[in-house]
Amino acid sequence: MIQYETVIGLEVHVELKTRSKIFCHSTTAFGGEPNAHVCPGCLGLPGALPVINKSVVEYAIRAALALNFQIASFTKFDRKNYFYPDMAKNYQISQYDLPIAEHGYLNIELNGKTKKIGITRLHIEEDTGKQVHQGSITTTPFSLVDYNRSGVPLIEIVSEPDLRSPEEAYEYLNKLKAIILYTGVSDCKMEEGSLRCDANVSVRPAGSTKLGTKTEIKNMNSFKALQKALTYEIERQIEVLEEGGRIFQETRTWDEEKGITISMRSKEQAHDYRYMPDPDLVPLVIDREWVEEIRRSLPELPDDRKERYVREYGLPAYDAMVLTNTRELADYFEACVAAYPNPKTVSNWVMGDLSRLLNASGVDITNCSIKPRQLSELLQLIDKGTISGKIAKTVFEEMFASGKAAETIVKEKGLVQISDEGAITAIVEEVIANNQKSVDDYRAGKDKALGFLVGQVMKASKGKANPALVNKLLKERL
Amino acid sequence: MITEKDVDHVALLARLEITSKEREMYTNQLNDILEYFQSLQRLDTENVQPTAYVLPLKNVYREDQVGDHLPLEEALANCPDREENYFKVPKIV
Amino acid sequence: MQLYQLTAHEMHDLLINKELSAEELNNKIFDRIEAVDDKIGAYITITKKSALERARVVDRQIQAGEKIAPLAGIPVALKDNICTKGVRTTAGSKILSNFIPPYSATVVEKLEAAGATVIGKTNMDEFAMGSSTENSAFFATKNPWDTQRVSGGSSGGAAAAVCAGAAVCALGSDSGGSIRQPASFCGVVGLKPTYGAVSRYGLISSASSLDQIGPFARDVTDCALLLGAISGHDPNDSTSASYKTPDFTASLINNVRGLKIGVPEEYMAEGLEPEVRAAVEKAMSLFESLGADVEYTTLPHTEYVLATHHIIGSAEASSNLARYDGVRYGFRAFEAGDVIDMFMKTRGQGFGPEVKRRIMLGTYALSAGYYDVYYLKAMKVRTLIKQDFERAFEKYDLLLSPTSPTPAFRFGKKIDDPLQMYLSDIFTSSSNLAGIPSISLSCGFVGRLPVGLQLIGKYFDEGTILRAAYTFEQNTDYHKEFPEV
Numbered sequence: 074m075i076q077y078e079t080v081i082g083l084e085v086h087v088e089l090k091t092r093s094k095i096f097c098h099s100t101t102a103f104g105g106e107p108n109a110h111v112c113p114g115c116l117g118l119p120g121a122l123p124v125i126n127k128s129v130v131e132y133a134i135r136a137a138l139a140l141n142f143q144i145a146s147f148t149k150f151d152r153k154n155y156f157y158p159d160m161a162k163n164y165q166i167s168q169y170d171l172p173i174a175e176h177g178y179l180n181i182e183l184n185g186k187t188k189k190i191g192i193t194r195l196h197i198e199e200d201t202g203k204q205v206h207q208g209s210i211t212t213t214p215f216s217l218v219d220y221n222r223s224g225v226p227l228i229e230i231v232s233e234p235d236l237r238s239p240e241e242a243y244e245y246l247n248k249l250k251a252i253i254l255y256t257g258v259s260d261c262k263m264e265e266g267s268l269r270c271d272a273n274v275s276v277r278p279a280g281s282t283k284l285g286t287k288t289e290i291k292n293m294n295s296f297k298a299l300q301k302a303l304t305y306e307i308e309r310q311i312e313v314l315e316e317g318g319r320i321f322q323e324t325r326t327w328d329e330e331k332g333i334t335i336s337m338r339s340k341e342q343a344h345d346y347r348y349m350p351d352p353d354l355v356p357l358v359i360d361r362e363w364v365e366e367i368r369r370s371l372p373e374l375p376d377d378r379k380e381r382y383v384r385e386y387g388l389p390a391y392d393a394m395v396l397t398n399t400r401e402l403a404d405y406f407e408a409c410v411a412a413y414p415n416p417k418t419v420s421n422w423v424m425g426d427l428s429r430l431l432n433a434s435g436v437d438i439t440n441c442s443i444k445p446r447q448l449s450e451l452l453q454l455i456d457k458g459t460i461s462g463k464i465a466k467t468v469f470e471e472m473f474a475s476g477k478a479a480e481t482i483v484k485e486k487g488l489v490q491i492s493d494e495g496a497i498t499a500i501v502e503e504v505i506a507n508n509q510k511s512v513d514d515y516r517a518g519k520d521k522a523l524g525f526l527v528g529q530v531m532k533a534s535k536g537k538a539n540p541a542l543v544n545k546l547l548k549e550r551l
Numbered sequence: 083m084i085t086e087k088d089v090d091h092v093a094l095l096a097r098l099e100i101t102s103k104e105r106e107m108y109t110n111q112l113n114d115i116l117e118y119f120q121s122l123q124r125l126d127t128e129n130v131q132p133t134a135y136v137l138p139l140k141n142v143y144r145e146d147q148v149g150d151h152l153p154l155e156e157a158l159a160n161c162p163d164r165e166e167n168y169f170k171v172p173k174i175v
Numbered sequence: 296m297q298l299y300q301l302t303a304h305e306m307h308d309l310l311i312n313k314e315l316s317a318e319e320l321n322n323k324i325f326d327r328i329e330a331v332d333d334k335i336g337a338y339i340t341i342t343k344k345s346a347l348e349r350a351r352v353v354d355r356q357i358q359a360g361e362k363i364a365p366l367a368g369i370p371v372a373l374k375d376n377i378c379t380k381g382v383r384t385t386a387g388s389k390i391l392s393n394f395i396p397p398y399s400a401t402v403v404e405k406l407e408a409a410g411a412t413v414i415g416k417t418n419m420d421e422f423a424m425g426s427s428t429e430n431s432a433f434f435a436t437k438n439p440w441d442t443q444r445v446s447g448g449s450s451g452g453a454a455a456a457v458c459a460g461a462a463v464c465a466l467g468s469d470s471g472g473s474i475r476q477p478a479s480f481c482g483v484v485g486l487k488p489t490y491g492a493v494s495r496y497g498l499i500s501s502a503s504s505l506d507q508i509g510p511f512a513r514d515v516t517d518c519a520l521l522l523g524a525i526s527g528h529d530p531n532d533s534t535s536a537s538y539k540t541p542d543f544t545a546s547l548i549n550n551v552r553g554l555k556i557g558v559p560e561e562y563m564a565e566g567l568e569p570e571v572r573a574a575v576e577k578a579m580s581l582f583e584s585l586g587a588d589v590e591y592t593t594l595p596h597t598e599y600v601l602a603t604h605h606i607i608g609s610a611e612a613s614s615n616l617a618r619y620d621g622v623r624y625g626f627r628a629f630e631a632g633d634v635i636d637m638f639m640k641t642r643g644q645g646f647g648p649e650v651k652r653r654i655m656l657g658t659y660a661l662s663a664g665y666y667d668v669y670y671l672k673a674m675k676v677r678t679l680i681k682q683d684f685e686r687a688f689e690k691y692d693l694l695l696s697p698t699s700p701t702p703a704f705r706f707g708k709k710i711d712d713p714l715q716m717y718l719s720d721i722f723t724s725s726s727n728l729a730g731i732p733s734i735s736l737s738c739g740f741v742g743r744l745p746v747g748l749q750l751i752g753k754y755f756d757e758g759t760i761l762r763a764a765y766t767f768e769q770n771t772d773y774h775k776e777f778p779e780v
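Residue numbers (the working numbering), protein chains in the order written: chain A, 74 to 551; chain B, 83 to 175; chain C, 296 to 780.
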């Protein structure tokens, strides 16, 4: 059987969170009564004209710089001409031959290896309105159109066909999202459509340098869907080729319910976008100083931050990667370290118990009830011997649920560690008396038996006995 | 030469329904006009920059400020077919 | 002399001297419209009620002793592709026959701020495509000098209204001669400003890089007043130039001494009707006698103007007119099945033949495989045409030519032959390609049909055009002629 190689390129649309739309003064606010956020411009009324929102250009440059792009010195807007009911002018203002940025890249990490993924271009364009169907698109008797999203600014980021597996595609999208989030130009919410992803996929015999015929996959509404759709489509293409068939260049839509991609061939096969420079807009000559100013205002980005965590904090690369995945998590981590300068201990808590609780409750790190200072106070209680590490986990959960300080909880629940030798000795003697078999085993050289006896002491003390002391006293008496 | 098939293709791209009589008329007229346009091919424009913008304007921006929206009733006032506050259109496929 | 024959500046004097109220003045013009418009067909919509309300506001200002602007209370007509809030705006098309804009064009707001009263919306070739108003979806506008003949186009209604006294002045739009050619046919003054001098916001686009709003008036003074009122930077139009509106009335000087005027020989060549040539030559002599230097010059790429203009205009229009799809406003064909069918039927039935022809031509010129051959080529030739003018203006202050090769032609004469119709714009469309200003004013008659003289100026040099036109007018009487309707 022939081995196949997969070639994937992603086209990602990101909504920019400017206050107003790209070419008019209407709000970009999500939701709202249908068609309440429109003006003559975004409704495509006769005579209305576009004027570019300066923040859109600034945000696009900001995102492009974070993705290592070269910023064009001369750029312009073009019309992409095609008819669709949710497109108010029946052309989309976009950028064709002179996009605002070209030749970017980002690094992904998979199985401990770093891979550089090229990004061909980043351009600015306007979003369309939305259609509401009754039931499915194929059975609805009519559609309803809402132009509130018409004219919301987008950037489209087109990768090189450098991705070789659904996993790489997933990592690429994840990294892209992380970087964009760091720049603050978008909230990248797939469920609200502020991050959208289409994929171009093809397969070819391994070792071949010629690209196979690609299909374009649309309608993947989550990271998981992207991975599932790609996996399905690759299998489908290989199956077709194995059976001696050929792949048609076409657009396919991902059907989440059925878990398959479906051909979207329709009446209109003739796609001819007839791009032309938009005569209603004038070109932009991008001032280098402006670009540098935007560059200076960029925050430390995930790769740099990760590197610094390894270098400055001595964290393992994996910890550094996880902690820097979002700006908020990394900021949280750093605030904890500032108050409790033991990075690895903090990392263990943040990546372990804290992430588990956040995930389970669906709470965002920015709304976490445990503030960095409170986490550091908890860790200090352990260091001082006030509570044991085990009790600390219980306290931590309580802190997460109630937002109370560690010390308050420890006091309220009487969780202070017992470090009084006399009190522990009493329990130790009782345990020895009641567990003759284990005592004998230990004395016969079975070290394991000690663990059982420690456990019995801890149990009898309701977990509050100082474990080190318990060990010491048990050994003395045995 | 532009054929009736070309005219049909262009009419579909431009979303114009044309009758068979119109198809014939437009085929003839477009051929006449396109032939007239051929005169441009006589000019050597190898080293000529295209003029897309007649004035040397650049960097015309507006500030990112939210302004007034059309009142809903005005936004929908000219709508040929409406359902609640939506524009209603026939099915897509 | 009838009241409706007066110019705006003459009416202004009557108003401030309280010899007449603005309301009376407006009523007189509405009376005139009532008397003649059945014969001419200049108006699609009359806005009497709102005009009289505005006139009364001006009257109160006059009564209160306030100083009023030169256009305050003056009845002005608007071509029906200029959006007026709450007033139907059709662009001469069936597809917009019921469209009521929820906003006004910048020029309308400027006119209203200047106190002018908008009296109605005038007839035009559908989406400004045509040279005779025969492409209006509603009716054709007749020439007040001879109702067997066209008023020109596409702003024929505006030109005819001003010519017949059914408006004191008007705004039209010009993408290839649509102000100047009807001004020439109707014997009034019409000016296409420099591209970017007047905001296009609210002008229903035909060809965005060629369209420009401009004034129609009965004399050069009114033309200067109107131009001053509507020009200036508009933040809502990216292509609006950032310049301060000059005081155009300061250019109304009866003196052309030392002015260098070039006459492009290509504009005086074959195809020009002999009597038109004679009238233009007479104008040349007059300028010379008034102290201007007049000589022949050349614009070598003239023969490519029409093709270039038509490719660019059609391509832009094909895209600009895509929005008329029956979804958000305008006509919709309801018998359609799915949405593509609805689009096709709506547009197939909603647009007239010339508009469809240009949409198809423009779509073809932009389509895969033809973009370079037609559209890109035309944009390059546009550069050459622009350079012709730049070279000429190194030597001359103004260029002079006939506005159109013939006076007004008869109805039906050219409507079935698109290429013949386009030839009507042969001397005017080059200004749109280059983006420079030009004016048309009366320089004689062929029988009872006016002949138009075109003066072309440098970028943003409307001042020199107005000065030469004013001088010509002060030394001739053609503008005082009035048709009998």
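Don't read these hints as lab results, they were simulated from the structure.
Note that the Cβ used here is the ideal one computed from N, Cα and C, for glycine as well.
Mixed in with the good hints there might be a few duds.
[Stated by the list, open to error] Below are the BS3-like pairs computed for lysine-lysine, each with C-alpha atoms no more than 25 Å apart in a straight line: (1) A:LYS331 <-> A:LYS189; (2) B:LYS103 <-> C:LYS380; (3) C:LYS539 <-> A:LYS127; (4) B:LYS140 <-> A:LYS291; (5) A:LYS545 <-> A:LYS457; (6) C:LYS577 <-> C:LYS539; (7) A:LYS153 <-> B:LYS87; (8) B:LYS103 <-> C:LYS389; (9) C:LYS690 <-> C:LYS577; (10) A:LYS457 <-> A:LYS444; (11) A:LYS463 <-> A:LYS477; (12) C:LYS539 <-> B:LYS140; (13) C:LYS690 <-> C:LYS389; (14) B:LYS173 <-> C:LYS640; (15) B:LYS170 <-> A:LYS203; (16) B:LYS170 <-> C:LYS344; (17) B:LYS87 <-> C:LYS640; (18) A:LYS153 <-> B:LYS103; (19) A:LYS331 <-> B:LYS140; (20) A:LYS519 <-> A:LYS486; (21) A:LYS188 <-> A:LYS331; (22) A:LYS203 <-> B:LYS140.
[Unchecked claim] If you only want the chain C side, here are some residues facing chain A, beta carbon under 10 Å, derived: (23) ILE341; (24) GLY360; (25) SER392; (26) THR442; (27) PRO530; (28) SER535; (29) TYR538; (30) GLU611; (31) LEU616; (32) VAL622.
Hints violated by the structure (numbers, ascending): 1, 2, 4, 6, 13, 16, 18, 19, 20, 21, 22, 23, 24, 25, 26, 29
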